[in-house]
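Asks: Spelled out, the chains give:
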Amino acid sequence: MTAAWEVVIGLEIHTQLATDSKIFSGASTAYGAEPNTQACLVDLGYPGVLPVLNEEVVRMACKFGLAVNATVAPRSVFARKNYFYPDLPKGYQISQYELPIVEHGEMFITAEDGSEKRIGITRAHLEEDAGKSIHEGLDRQSGIDLNRAGTPLLEIVSEPDLRSAKEAVAYMRKIHTIVRYLGISDGNMQEGSFRCDANVSIRPRGQEELGTRSELKNLNSFRFIEKAINFEIERQIEVLEDGGKVVQETRLYDSDRDETRSMRSKEEANDYRYFPDPDLLPVEIGEDYIEQVRATLPELPDAKRQRFVDDYGIKSDDAAILTMNRALADYFESVVAAANAQPQDAANWVIGDLSGALNKDGIEISDSRISAEHLAGLINRIHDNTISGKIAKEVFEAMWGGEGSADDVIETRGLRQITDTSAIEAIVDKVIADNPGQAAEYRAGKDKLIGFFVGQVMKESGGKANPGQVNAILRTKLGSS
Amino acid sequence: MIAEDLHTQTLTQLAQGLEQGDFTSVELTQALLERIERLGGDLNAFITVTADRALAAAERSDAARAEGEIGVPGIGVPGIGVLNGLPLVHKDIFCTRGVLTTCGSRMLENFVSPYDASVVERLSAAGAVMLGKTNMDEFAMGSSNETSYFGPVRNPWNLECSPGGSSGGSSASVAARLTPAATGTDTGGSIRQPAALTGTTGLKPTYGRVSRYGMIAFASSLDQAGVITRSAEDAALLLGVMAGFDERDSTSIDQPVPDYVAGLGDSLKGLRVGIVRQHFDAGLDDACGAAVREALAVLESQGATLTEVDLPNLDLSVPTYYVVAPAECSSNLSRFDGVRFGRRAEDPEDLLDLYCRSRGEGFGAEVKRRIMTGTYVLSAGYYDAYYLKAQQVRHLIADDFRQAFADVDVIAGPTAPTPAFKLGDKIDDPITMYLNDIYTIGANLAGLPGISVPCGFADELPVGLHLVGPHFGEEQILRASHQYQLQTDWHTRCPEAFA
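If you read the protein sequences in the order shown, they are chains A and B.
The first sequence runs 145 to 625 under my numbering.
The second sequence runs 230 to 728 under my numbering.
The shape of chain B in the complex, shown without the other chains:
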């Protein structure tokens, strides 16, 4: 007796079903693989579907459950086994042992990773079943998924539209009910903006909360792994497994991981919600603004108090980001030189030719643009004016947040200025594209946790509410999101074609 609607269930619901023996992991995995096969083609959400591995893993999970062994012992993370038999997908930026790991780039078109990323390792150890690897903007550089070498991902709500980026394959596959959950990475909004544009829940944790080991680096001081799910509750469940210190990542922070699920039930009474006036300025689409205001009213009705907070340097966040991120990327991407792995130009004449053609052929236009920008801002004579200055502004922005969080528990606003835009609309205008992350970038520069939850529609396209917390404030933004989702059903809405 297998329910027909397994794909509509959240991770938390599926966990209960598995636990109660309503269905097996193999049945669940088969059902989702079938959907990916049938519906996934139009979306182009996957770069790799790992059907055989997924079924083998599901079989092991079922066998372990039958024997009462929950999870794979030995890794010592809290919540071990809690994901036993639950399917999910990984953004193709995470290294997966023995599986193609492309980072959305021609450069790594044939790269099979010899090791698992920390995130992948922890989720697998907790029993999760990987269904495949999702499409993304090349090296996570983009806000529309159009920079992927493997073609753009389409938004399940409107196939003409972008699902956002860079974790567009992850957001689209969760929105289309091809998977209950997906991992993503967020350097300037790459989890939260696609979540907003697809009506899913996207969590970017505090910088250092989740290990970056095995996550192909874009901008090391900004990159953070997180998840895209269908509810805040599911995000809390996954974060509990992913979070924690990793000795292989010096920037991961050694701080206890709380039980994120346990705290979700507390009411919002007395929660101080900060509103940033600039977030509702001219740049914001009217319908989006209305949906977000309505969401704030819901929070208020649940006992939260709304206060205006000032982030005076916030308008500098986009330019600051577009100095810091390219600078780091220009260095991080130097390892792709055609010598040891990845694309290598055929019959190079000499070393320079090998470098120039391997990189020229391997990287797409946006990646090249950022490498050039980054190289420029780090050059002798420009370093002080650009990179150093940007780092100084970054400190100012972080200070603004610190001061704001003296008075409020979360800061709320829109995730993106507009709902999903048409594919092709912004790709030739980088500046307009960059402005899509105007509300999300601040959290990356300051290293803060942020979450986007669905809060309505504009032109029949989803709108996201953005909640930012102080450092290690995941519990409060998850609780606010969960309480909001108890009162609203935006997060349960499914695009018709994928119901």
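The following block holds chain A by itself, in its conformation from the complex:
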């Protein structure tokens, strides 16, 4: 169906910056406090108060600009965006409008066909968040919580370069990774620290001119973004194929019903009457400052991924997964440093069992129940044939359960692999003796039965016999009699 239509998407990502205090006041930004306990007179918009810019947000925006290869403006200006809403205390939001702090950046994502695709970043600007209106649990009244008012946001606006919901998600994930790498945002989507609006339009394939777009508001999970955009694409196609016209409007995604609903049309849109905020001076950033900030930039995901491939020789896809999260990448490197084994083994364990266990328990890598050193110890024991890969799974489970290092678990549970040839031969002899029929069949040419014998030997050995040795000894014994 989409063969006839090309989808055009641009994202506006709102990233909450991880400062201790608000963008224009000294009040705390900590999440989850009692309503209105973290709003000072400036946040409340009291008569006579004035905003004072938190320098930390400038540094963070600067970091982001450098990380996405953008221009950090030598001069940017805060403006007032005027509209009335109860959770907007001053009647205007202080935001950057004509002169944002970051412009002309770029980001590379892996497109659906596996190729690398450049997504332009039009701009990123600083602004303050509004408070929250609370309607639940209040009888015919609305409550206002201004704790969030004045929380610093970096709004990152992409070019309309995205061509599918999947690309939009890939781009958003990449930005999510970057801001966390830079340490400028916790990226917590449940708490609203990372959310986006999507501008979606479609046009007949081959047409230059953009179609009329709708803006989907406040998408706060990767899953919802994909679903909302896909719903919206289908809706627009249906409208156009029925001979209708897409109306420029703002739409809200309802995750319960999996649909988007019209919120307001262009005609109903506010005239925000932007003008430069006379209470704040232009932000002037010199080359020296930019170089200072550049010197503090960490290794970024793309560079790290390449290094993992080059230096450790691990698979590119694995490197991509490991570098999505800076802490995970660091963990992986610690494992490699402590293990004598191949880095690929380390990658497999970190991406496989470890990530699985983290997900299952819903914890972050920083809280992992197995330290990098212990995981390295486990890998070493596999490598030196102390245990088999299969037994290693059991050891891992036990380590996750708090039974100590791999050596502790192997010792306590007696899991050391049997590599003594005579011991294995004894088991093999017993298994062959116990299964004379199968032995005869094997010898008559039913090769497949080797699996049966390996299984029996392993079972008899409690899984501890070295599988390679078992195989070799079985073949010798079955063949030689």
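Accuracy of the hints is not assured; some may be wrong.
[Said to hold, decoys possible] Here are the simulated lysine-lysine pairs, DSS-like style, with alpha carbons at most 27 Å apart: (1) A:LYS371 <-> A:LYS590; (2) B:LYS498 <-> A:LYS225; (3) A:LYS590 <-> A:LYS603; (4) A:LYS410 <-> A:LYS371; (5) B:LYS618 <-> A:LYS225.
[Stated by the list, open to error] Just a few of them, taken from the derived set where beta-carbon distance is under 8 Å, the chain B residues facing chain A: (6) ALA556; (7) ASP566; (8) LEU715; (9) GLN716; (10) CYS723; (11) PHE727.
These aren't lab readings, by the way, just hints derived from the structure by calculation.
Glycine included, each C-beta is placed from N, C-alpha and C at the ideal position.
Got chain A; can you put chain B on it based on the hints?
Replies: Just chain B now, with coordinates in the frame of chain A:
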């Protein structure tokens, strides 16, 4: 032994009297509170009189002086303690902790500020005693004090007349000797024009010289706090305390504060005074013009040289101002929405009703006019033609001044085109009212310091001489004013009924 004439003394004289132990701050405060009680009613100069607090503060000042502790330590402003025990009043635009702060509006009729403005904090820390809060045009929008929700202030020189505005309560209370000094704010002339109309001295410092924190904003890029006093010397004394960088106001400027009093004694020999021809055009009242010319002759006799300077774009200042100021005010006043503080309409049907009625009831006609004008000039499709254009013209006007100040040290002229006008005369004609600030607005647009000093009378009403200096040129305009006041006694004249 308390002198009967404490109210006639300037701040500087009172400081000496306190220092010498001629009287106590409590005695001084009582004397002035008594005058406010007895004479203040006719003037309507006060919105709030803080008698109990004032007496308590005066007692603390006397006790501190007795113990030799001058001032309240800890704030680190220069001149700490220099105002110990000296009374003054604040324009009701300054937030005062625990005290009603109305800004002359029904919107804030019951608003008690939870914090002190920077200006209030600094003056208190230096030991000043606040007697009360003065009446003003609503949100400082007006030139006659008639837009106040609390009724107009009357001019002590003629109760039928306006004391000017918007700092009309401040000018009237100083002129009537109810207080030796008052704070004020000046966005387009709101300190200088009322000073001129009441025979007082009114100083508007350079934009950024005094912190705006806690001063309820009208037009943020133009608003500046200053003082109304009975002499330039007193203005210098107060400015030294009020001025200085404040980290809570990003537009305050981090530049050392000179000792403004120390420089007052230097002669005017060689001072280059610029005269703007347009200032003496048809719009100026004849008697006012004569008084100002005579004042210029005095300056010349003191060694100043007079030169004509050209400010080619000055005639654009009023229209420019009436785009920029309303634009900023329309945004600044959005916070008065009935949600968190100030007037809230009763039983609102819904959010829109809450907004419309709270603001409809809370704001007066002039404020509404300016909010509407400001909203219009910022709207999509009009922004470039009005707001942006006005900002461009503003730069031209500032450039004119910059060029003029290459050749002169101060620019002198009339403060207002006419002496005090009758209450009711102009209130229904906004344009005529706006033209009252025609000579003062330029200094606001360019961010320059200006002062009005009494220089004579026209129809038995005071006339003001206006001196404008370059950026941070407070010292030279204060010195010129002080030297002029050493040669003249206009600033000592007192309206008969308040002698």
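Asks: Would you mind marking each hint as holding or not holding in the structure?
Replies: Evaluated hints:
1. A:LYS371 <-> A:LYS590: violated, 53 Å
2. B:LYS498 <-> A:LYS225: violated, 52 Å
3. A:LYS590 <-> A:LYS603: holds, 21 Å
4. A:LYS410 <-> A:LYS371: Since the Cα atoms of LYS410 (chain A) and LYS371 (chain A) sit roughly 24 Å apart, the hinted pair holds (cutoff 27 Å).
5. B:LYS618 <-> A:LYS225: holds, 20 Å
6. ALA556: holds, 6 Å
7. ASP566: Constraint on ASP566 (chain B) satisfied, holds at 6 Å.
8. LEU715: violated, 38 Å
9. GLN716: GLN716 (chain B) check fails; min Cβ-Cβ to chain A is 40 Å, beyond 8 Å.
10. CYS723: Result: violated, 34 Å to nearest chain A Cβ.
11. PHE727: violated, 32 Å
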